[in-house]
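Asker: All chains should be built: construct the whole structure from the sequences, respecting the hints.
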Amino acid sequence: MDVSTVRERGAITLPLSRREEYSAVIDDAFEFLRVKDLLSPFRKIIVKPNVVTSSPPPVTTDVECVRAVIAALEKRVESEILVAEGSGCGDTLENMRKNGYSSLGVPLVDLDSVPFSVRRNGKAEVLKEVYLPDVLEGAAIVSVAPAKEHTITGVTLSLKNLIGCLPSEKYSGFWSFKKSKVHSLDTHRVIRDLALYLRPVVSVIDAREGLMGGHLSGRIPHPPIGRVVVGTDPVAADREGCRLLGVNPDSIPHLRTC
Numbered sequence: 001m002d003v004s005t006v007r008e009r010g011a012i013t014l015p016l017s018r019r020e021e022y023s024a025v026i027d028d029a030f031e032f033l034r035v036k037d038l039l040s041p042f043r044k045i046i047v048k049p050n051v052v053t054s055s056p057p058p059v060t061t062d063v064e065c066v067r068a069v070i071a072a073l074e075k076r077v078e079s080e081i082l083v084a085e086g087s088g089c090g091d092t093l094e095n096m097r098k099n100g101y102s103s104l105g106v107p108l109v110d111l112d113s114v115p116f117s118v119r120r121n122g123k124a125e126v127l128k129e130v131y132l133p134d135v136l137e138g139a140a141i142v143s144v145a146p147a148k149e150h151t152i153t154g155v156t157l158s159l160k161n162l163i164g165c166l167p168s169e170k171y172s173g174f175w176s177f178k179k180s181k182v183h184s185l186d187t188h189r190v191i192r193d194l195a196l197y198l199r200p201v202v203s204v205i206d207a208r209e210g211l212m213g214g215h216l217s218g219r220i221p222h223p224p225i226g227r228v229v230v231g232t233d234p235v236a237a238d239r240e241g242c243r244l245l246g247v248n249p250d251s252i253p254h255l256r257t258c
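Under the numbering used here, the sequence shown has 28 at position 28, and the numbering climbs by one with no breaks.
Everything labelled a hint here was simulated from the structure, so no lab data went into it.
Computed list of lysine-lysine pairs in DSSO-like fashion (alpha-carbon distance at most 27 Å, straight line): (1) K44 <-> K128; (2) K170 <-> K181; (3) K128 <-> K181.
Pair by pair, the computed Cβ-Cβ distance ranges are: (4) V126 <-> E74: 35 to 41 Å; (5) E20 <-> K123: 39 to 45 Å; (6) F174 <-> R18: 36 to 42 Å; (7) K75 <-> E129: 35 to 41 Å; (8) K170 <-> L216: 21 to 27 Å; (9) E125 <-> S23: 37 to 43 Å; (10) F32 <-> G100: 26 to 32 Å; (11) S217 <-> L108: 21 to 27 Å; (12) S184 <-> E74: 36 to 42 Å; (13) G10 <-> E94: 34 to 40 Å; (14) E80 <-> F174: 33 to 39 Å; (15) V126 <-> P223: 36 to 42 Å; (16) S176 <-> G100: 23 to 29 Å.
All C-beta atoms in this analysis are idealised placements derived from N, C-alpha and C, irrespective of residue type, glycine included.
Answerer: See the structure below:
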């Protein structure tokens, strides 16, 4: 396995330039990181992609990356596997269908259309009380996110990806974005708090292409980044993702506090 960098303990960066390479590269990474040992105790695994809109990759997570993650999981654990998201714009399941997710062979869950309950954590700063979908309770979160710069938070990687888990019934209304209420708070502190409730067990950051200058209408760098980060520490993985985007990870507030 060609490990490009191991700057951060708990995350590795591997070369990946073609969609056909996702399966082998992610499987190798899961083996190297002993993901089976971490996930075997869980009866349910939630694969959380970034399907913020109906746009194709790299605005959203490439379905082939998600497919490779599911295959690597099924090879190692007997847990129930679901793919779950709550889009920022449009209908989540329709957004997934437009991006080929119906072919994945596992249940697709719209996190805005399922029951939710309140949870509390005294260590939180701004989300001491938060509403979260019941389907996430007791599950291992595998966050599978494209590597993108973000106009508000600097980057959106595996931790920022958690915002899609917030039910729109409770977190919309600040503007048209279905999770917009979080941006009426300090978004970095929101991300930090969400990680207390939903910290990913495994993070996969797809930087095969990358998106620079914005998370919805940015540009793919030339040449594309050609890397994937896999980590069992989401902060370490996101710090590596920052470097691939040319962003100093120490400049991202939520990566200093998570």
